[in-house]
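Chemist: Spelled out, the chains give:
Number of protein chains: 2
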Amino acid sequence: MLIDIALDAMGSDKAPEPEIRGAILACRSLNVRVHLVGPEPMLRPRLTSALGFIGARLPIEIVHAEEHIGMDEKAAHAVRTKRNSSMRIGLRLVKEKAAAGFFTAGNTGAGMATAKMVLSALPGVDRPALAVVMPTLSGSPCVLLDVGANVDCKPQNLEQFAIMGELYARSVLRVPRPRVGILSVGEEDGKGNDLTREATELFKRLPINFIGNVEGRDIYSGNADVIVCDGFVGNVALKTSEGMSRLVREMLKASLTQTVTAQVGALLSRRAFNAFRRRLDPSEYGGAPLLGVRGVCIIGHGSSNDRAIMNGIRVASEFAQARINERLEREFSTRPTGHPDGPATHLPIQ
Amino acid sequence: MLIDIALDAMGSDKAPEPEIRGAILACRSLNVRVHLVGPEPMLRPRLTSALGFIGARLPIEIVHAEEHIGMDEKAAHAVRTKRNSSMRIGLRLVKEKAAAGFFTAGNTGAGMATAKMVLSALPGVDRPALAVVMPTLSGSPCVLLDVGANVDCKPQNLEQFAIMGELYARSVLRVPRPRVGILSVGEEDGKGNDLTREATELFKRLPINFIGNVEGRDIYSGNADVIVCDGFVGNVALKTSEGMSRLVREMLKASLTQTVTAQVGALLSRRAFNAFRRRLDPSEYGGAPLLGVRGVCIIGHGSSNDRAIMNGIRVASEFAQARINERLEREFSTRPTGHPDGPATHLPIQ
Chain A
1 MLIDIALDAM GSDKAPEPEI RGAILACRSL NVRVHLVGPE PMLRPRLTSA
51 LGFIGARLPI EIVHAEEHIG MDEKAAHAVR TKRNSSMRIG LRLVKEKAAA
101 GFFTAGNTGA GMATAKMVLS ALPGVDRPAL AVVMPTLSGS PCVLLDVGAN
151 VDCKPQNLEQ FAIMGELYAR SVLRVPRPRV GILSVGEEDG KGNDLTREAT
201 ELFKRLPINF IGNVEGRDIY SGNADVIVCD GFVGNVALKT SEGMSRLVRE
251 MLKASLTQTV TAQVGALLSR RAFNAFRRRL DPSEYGGAPL LGVRGVCIIG
301 HGSSNDRAIM NGIRVASEFA QARINERLER EFSTRPTGHP DGPATHLPIQ
Chain B
1 MLIDIALDAM GSDKAPEPEI RGAILACRSL NVRVHLVGPE PMLRPRLTSA
51 LGFIGARLPI EIVHAEEHIG MDEKAAHAVR TKRNSSMRIG LRLVKEKAAA
101 GFFTAGNTGA GMATAKMVLS ALPGVDRPAL AVVMPTLSGS PCVLLDVGAN
151 VDCKPQNLEQ FAIMGELYAR SVLRVPRPRV GILSVGEEDG KGNDLTREAT
201 ELFKRLPINF IGNVEGRDIY SGNADVIVCD GFVGNVALKT SEGMSRLVRE
251 MLKASLTQTV TAQVGALLSR RAFNAFRRRL DPSEYGGAPL LGVRGVCIIG
301 HGSSNDRAIM NGIRVASEFA QARINERLER EFSTRPTGHP DGPATHLPIQ
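Chains A and B, in that order, are what the protein sequence lines are. Position one of the first sequence corresponds to residue 1 (my numbering), numbered consecutively onward. Position one of the second sequence corresponds to residue 1 (my numbering), numbered consecutively onward.
Only chain A is shown next, with the shape it has when bound in the complex:
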């Protein structure tokens, strides 16, 4: 049986080409049917020609959406005004169970806002969180959440992030007993700010493998499988890494070309950097899941190429198969209530 995945055909910077080719790659290598969501008059001829070129009949369907949200549009405004955006129509397919998951390489803020609006949060989840998988020195991945700019979090929000991240690592990434840490400024117990200290007390009571505070460098060390932080800190960590990675690459490229002759150096560095990019590039990891909404929503990088789109579709189908939402729902519904700031959804009706 094929798994139905809705794909925002208008998401990436170079849409719809990477989406069309990524959908074809996905259908040829994975057990999926892709619903390509975007303007049909524009997509139909391109898809036909791409399919004709490889001479294949593949399970790809076009779902018409006349609008789409641009990368530079302000999320809140775009989500409110564009009622027929490819994001909204794609996510509606998930809500109506016509698709088991949705992937977009578009505007992250708009994707999150649309998913929250169309799918709504799972019971017990106050704020859905965006999780990214980081490569580490040990080779095993590390889940960092929230990186979706949930700023000014309460300890209960971090607690929910921990539960969601742990389940992600366990059920999708197949880490048997994920080590969960709180991102802080020192390893000792008392180190941190008010938020992390209070969250630590909540984490200690959770049925997870909580390893206490970890530091920024542990995002890449492999010392933790799941690292929890508020969305402000997560965003800074992620974007600082982006900037650092770019600087290091530029500097090393310059060093290499100085070390040997310019031509040999350029050739070597091109080869080395391509190999390197394949290992580090987040697009290989297939995008970031929005955890805590009722349905599978994966958000990829705007620079996604064919392969990154295919990986996004793959991750969406893995999420659907892992039934992570059903498991999260069960997790949250069986948790003891009584958190001072949490919703009291499970109290018996008086």
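Calculated directly from the structure, the hints in this document are not laboratory data. A couple of the hints might just be wrong.
Put simply, identical chains are the same to the list, so a pair is met inside one copy or across any two.
Here are the simulated DSS-like cross-link-like pairs (lysine-lysine), alpha carbons at most 25 Å apart as the crow flies [stated by the list, open to error]:
{"no.": "1", "residue 1": "K74", "residue 2": "K204"}
{"no.": "2", "residue 1": "K82", "residue 2": "K253"}
{"no.": "3", "residue 1": "K191", "residue 2": "K74"}
{"no.": "4", "residue 1": "K191", "residue 2": "K154"}
{"no.": "5", "residue 1": "K204", "residue 2": "K154"}
{"no.": "6", "residue 1": "K191", "residue 2": "K82"}
{"no.": "7", "residue 1": "K154", "residue 2": "K14"}
{"no.": "8", "residue 1": "K191", "residue 2": "K116"}
Model the placement of chain B on the given structure of chain A, informed by the hints.
Modeler: Frame of chain A, contents of chain B only:
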């Protein structure tokens, strides 16, 4: 005239050798007299032999301190119990004007705590801040503060960090009109958390070149000369960078050795990485100044080598010559008062 600099002889991981050799390098190339603070019976023969070896008479004096604070000691406890540590005695030389500045490559937390205690904060400064200079793509440095773990800051703290960082960039790094940004999660004005939004309003009223929000990647982009954040976020950004840099180096090394034959690859990468390290290594930048205390205190990395120690001494003497504390004191004393949470030190006596 020579500038007197107190040097913690027992700071670095391999102390006192890098300190002794760094002091010699400094005295040979800079206009300084170094007060080497540490256990005299241990330092004297080593200094004599090092000086004898180069056959020089240099302005290096030993100031006896029988204790020192180890890298793994808890800062608060060590500062309280070790009353004759090399840090405390070195900083006392600054307080008593026997030295114009102090440099240590030791325990950062202990260095900051000792400096705050011995030197105390400048009037108008609620919390001294540790500033680091980051390399950028554009080649010009970027001052990031606070990275000294002042967690749970108020908007007024960030405002003071901005004033101090701006003066540092202007008077020591010689940036004519430093662009000052707030580290946040998006570039638009409303983006950020409660702290950054409130601080933005205060920054707008300062007589500085405030450029609004910047993002994590701007730490390395060269788009800002000074980036202000609370110490929690700054610490995460700095340590995330460390981790990322290590990961990128390891991965590129692996890529390089795969690309060409193992021996050539290893040789090339060794050369490239040495050149690279010289450009990126924070020790080349000479350590992080603690801004806002009454006196010059520069803190370097524990892994400092001879050259890094010399650079730390250089930065301490540059700070002393720039008279940054006098200028900060003037800056804060002429500022309008009336910040809700700030000290009201400048109100006329009733």
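Chemist: Out of the numbered hints, which ones does the structure contradict?
Modeler: Of the numbered hints, 2 and 7 do not hold.
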